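2 protein chains.
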Amino acid sequence: MSISSTLLENAVDQLATLPGIGRRTAMRLALDLLRREPEEVARFSEAVRKMRDEVRYCDVCCNISDEPKCAICRDPNRDASLVCVVEDIRDVIAIENTRQFKGLYHVLGGVISPMDGIGPDDLHTRELMDRVQQGGIRETVLALGGTLEGDTTGFYLNRKLNEHGILVTTIARGISVGAELDQADELTLGRSIADRKPYELGVRR
Amino acid sequence: MSISSTLLENAVDQLATLPGIGRRTAMRLALDLLRREPEEVARFSEAVRKMRDEVRYCDVCCNISDEPKCAICRDPNRDASLVCVVEDIRDVIAIENTRQFKGLYHVLGGVISPMDGIGPDDLHTRELMDRVQQGGIRETVLALGGTLEGDTTGFYLNRKLNEHGILVTTIARGISVGAELDQADELTLGRSIADRKPYELGVRR
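Protein sequence lines, in the order shown, are assigned to chains A and B.
If you read the first sequence in the numbering used here, its first letter stands for residue 26, the second for the next number, and so on.
If you read the second sequence in the numbering used here, its first letter stands for residue 26, the second for the next number, and so on.
Isolated chain A (complex conformation) (with noise of 0.2 Å):
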């Protein structure tokens, strides 16, 4: 593809940085863009370069926030001693979606993958050691997903949380809710089969 302008030009290339969006996609948001107002373009570029400059994290449970500690964090009436461990903030939404968990996060900001060369030291477990060191936290659920990743960084935090003697729990794997079972992947299924639980009326809550 060979591009007239090397204004555009660039601009594809950085389009196309972004995950899921090849050349031929960077170019139809490029322009969508050029066909804009300069000032509302101005907002966008702004609007990335200020959240990437002046991003904070919660001081506790490292989740995205504006303030040093972050709304659900400051939530007297939230279970402080019931952490939920995620991979990211879309985990936390999703989850707080649900409304059925009334404790804390913590927030690793991605999981082990030895293939991307992240390894734990570039999540925040050291921030998830000294939450647990300083006491008050009776268990630690961890909500990390069915990936290769997401079971190795459960293991790796599974062993440094017994260490400290607390109760490590990890959601439920299973057949989904309204799902039919001839549908279901086999390991997903035999998860299910292997966790099978006394049965009960409903829909705990």
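To be clear, the hints were calculated from the coordinates, so they are not data collected in a lab.
Small disclaimer: the values here were computed from a predicted structure and weren't measured.
Yeah, the Cβ is synthetic: ideal placement off N, Cα and C, and Gly gets one too.
Incorrect hints may have been included.
To be verified - Going by beta-carbon spacing under 10 Å, a handful of chain B positions derived as facing chain A:
(1) Q39
(2) L40
(3) V66
(4) R81
(5) N88
(6) Q158
What the hints assert, rightly or not - Covered stretches of chain A, as calculated for chain B (at least 3 residues, CB under 8 Å):
(7) 104-118
(8) 209-216
Given chain A, work out where chain B should sit, using these hints.
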């Protein structure tokens, strides 16, 4: 989706204004940008702003160009009496890649779309008419998308260009090279039969 940071929320809002990017994808893009070095994000942001602020268009064909006259219009080996009218720079790139066209282009910058409030005056139609009035153009090829908007634009331009007694042609519509007939849609197949032409061996160069 409640986000704990207005900085992040602003960036997600802006990214979600891009075509084909929903809020969930915008969040993924924002988190990817957050993981990068601030200088890298500044380069990203600057490339986008600079493109919009400093973009120039070719004085002749309205294609995006860093110079007052684009490389295609400057090329003395091209046939200046043949002008291909296209929607945007992506179409120029696509046609150039075929190496089948040796004329010049005229980039409209969009198509007529009453639904989006885009009329002929919002496109570079005046510049096209000015070129035609200056003389020297023998044929204009309308290479517009096969959509309702493309057809509307073609209809409008054909009427306008005919007033100047210029040959107006349009690219052939039909079954793709290498495609199966039973997988083509009815409209395309119908058009390819109506527009049938004398049999010849091989592809004409």
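For each hint, the structure was consulted:
Because the closest C-beta pair between Q39/B and chain A is about 4 Å apart, less than 10 Å, the hint holds. Of the supplied interface hints, the one on L40/B holds, with its beta-carbon coming within about 7 Å of a beta-carbon of chain A, less than 10 Å. With a cut of 10 Å, the hint placing V66/B at the interface with chain A holds, because the nearest CB-to-CB distance is about 4 Å. Against a cut-off of 10 Å between C-beta atoms, the interface hint on R81/B holds, since the closest Cβ of chain A lies about 8 Å away.
Hint on N88/B holds. Least Cβ distance to chain A is approximately 6 Å, under the 10 Å limit. At a threshold of 10 Å, the smallest CB-CB gap from Q158/B to chain A is about 25 Å, leaving the interface hint violated. Coverage of a stretch by a chain is defined here by at least three residues with a beta carbon nearer than 8 Å to that chain's beta carbons; for the stretch 104-118 of chain A and chain B the count is 5, and the condition holds. Under the rule that three or more residues need a Cβ within less than 8 Å of chain B, the assignment of the stretch 209-216 of chain A is violated, with 0 such residues.
Hint check: violations occur at hints 6, 8; the rest are consistent with the structure.
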